[in-house]
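Place chain B on chain A using the hints.
Letter by letter, the chains look like this.
Protein chains: 2
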Amino acid sequence: MTGQPVATRIVLASRPSGKPVAANFRLERETVRDLAEGEVLLETLYLSLDPYMRGRMDDAKSYAKPVDIGGVMEGGTVARVSRSSNAAFKAGDIVLSHSGWQSHAISDGGDLRKLDPQIAPITTALGTLGMPGFTAYAGLRNIGKPKAGETLVVAAASGAVGSAVGQMAKIYGARVVGIAGGPEKCDYIRQALGFDVAIDHYASDFPAQLAAACPKGIDVYFENVGGHVWSAVFPLLNDFARIPVCGLIAHYNEASSVSSGHDRLPAVMRAILRKSLTIRGFIQREFAEQRPDFYQQAGAWISEGRLKYKEDVVDGLENAPEAFLGLLEGKNFGKLIVRVAP
Amino acid sequence: MTGQPVATRIVLASRPSGKPVAANFRLERETVRDLAEGEVLLETLYLSLDPYMRGRMDDAKSYAKPVDIGGVMEGGTVARVSRSSNAAFKAGDIVLSHSGWQSHAISDGGDLRKLDPQIAPITTALGTLGMPGFTAYAGLRNIGKPKAGETLVVAAASGAVGSAVGQMAKIYGARVVGIAGGPEKCDYIRQALGFDVAIDHYASDFPAQLAAACPKGIDVYFENVGGHVWSAVFPLLNDFARIPVCGLIAHYNEASSVSSGHDRLPAVMRAILRKSLTIRGFIQREFAEQRPDFYQQAGAWISEGRLKYKEDVVDGLENAPEAFLGLLEGKNFGKLIVRVAP
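Line by line, the protein sequences are chains A and B. The opening position of the first sequence corresponds to residue 1 in UniProt numbering, with each subsequent residue numbered one higher. The opening position of the second sequence corresponds to residue 1 in UniProt numbering, with each subsequent residue numbered one higher.
Same shape as in the complex, but just chain A (with noise of 0.2 Å):
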């Protein structure tokens, strides 16, 4: 018998208050006990790196239980089973799991999806092919429902959702406006992912330029940031728009109670009332029996070159928090992702 592996794990060692900081983290090392009856030991290769994580930091009632202080930080993982004493699983499998920020987990084997490396890069399991791309094709299909000729609008255009909901609604006939941090995102989602306009939201007119890029209304806004891009959006919306909330990173560093400003409230919600507004809010779990659907349709799109997709991967899992971080501020070029192993 080989010697234990030691784990590496980052846990949440304090909740932030407002903006996380590297404090917040931990990394801790331990062995690996032995497997029991019907267990795999798995060896993480990639970890996501997701906006979501921000509200697991939080005790806040939320749709999902927070990671406890001192607990390992939640993330969806592929990894490599390194031994198995469970029949499905033989060592060598690659897997999608949801182990954490972590590089080695024993897993029972009820939480993990074989990966085919032959059909896609098996980091697609955690981006276009994996939970963002399916919270974008989730939102649209129950939500946003994006008609020919509509106009939809989306923010974080380069990232892992919003680069999927651009081009998704492209493929449905919408004219779509992304909304990126900076020329390069900007340049990237019109040339290479074929967005119809691109809009830097640094931009000091940025509300005039988002007016005059939908000059017949928003119809569909995918809402993933709230902050002053809702603000831009909101008086374009028209008549029966739909808004898919799935994400609010401007909001998740704020304090919950009380915030400055006079109250937009009552505005939007005679908004809703005249222009018989939906704003439905959604995590894509509750659409988990459309999954197989989505498997099949997103990777048809991507093999034929329809849905494109730009990972940002950063090496070393003791990078994590750090990357993290940046994520928060816009600062990744692409679904945020860390080699863990190589």
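Read the hints as simulated data drawn from the structure, not as lab findings.
Straight line, CA to CA, 30 Å or less: simulated DSBU-like cross-link-like pairs of lysine-lysine:
#1 A:65 <-> B:145
#2 B:145 <-> B:275
#3 A:19 <-> B:275
So, partial list: chain A residues that the calculated Cβ filter (under 10 Å) puts toward chain B:
#4 245
#5 270
#6 271
All C-beta atoms in this analysis are idealised placements derived from N, C-alpha and C, irrespective of residue type, glycine included.
Same frame as chain A, but now just chain B:
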């Protein structure tokens, strides 16, 4: 040929700033012109007064165009055909029209629906079997979707829409909490309409009473008032709660630009995300193809005694402005109707 009748009508004299006053209306008289081929002369029997009319007095962008200054106030009516040059109608026919705040009107017949006084009292075409009842039906069927055992909350619960919402939700198996103004209305919705709980929103501990009445939270909030009722409902909303928005009577008199207090919008957006809420504005017209289902279903419920209604009838068109101003302050008790002709 008999002499032409003189029509009495109430026009919009000026737009209100904030709360409307009597001086915003003006009563006029005018001799009715001769009928052209294909037209009918209508004599108004009953005029419906509804909160949405407040919106028509403003010139803000809305789903419907505003009443012009000097124009007849808009409104649903039940009328008698007094002369007809249209083969489809004969003198004496009773019709549902939308001829507004006036004693006589000329129609080409295209907007009329014949009523059969044998089936139900003709005033129900303005209430439970009319626009308010269909608003309740369409909002529940398409957006609220109450399931057996869920908790539904509705305000203005003794009113035309609220009373129908609550009784229909009971038929669908939900637990129904009604909010109304004052003990008389509360007694009525609990005892006559069979709501599970009635709460007086004038009570100083109204939010605490509401929380106590909803130990399992709120699954459907049928929004027709806004204001402090929304504030009490908001923290009690369950995951996946649905909020059809058909009215905001508490806000109709507010200046549209700026509201006081801290900004509640970020907290509401966060709740939409964390709780997967649906907020959906609507007007019943959007679901017009469901009206035949509604007439059949609601007619059956009325005849079975499962859908009751109460009318608050005011005599004389000249009293319509005062009655309407009272409606905006919740002074009516039941569906407010003006008897225009005996």
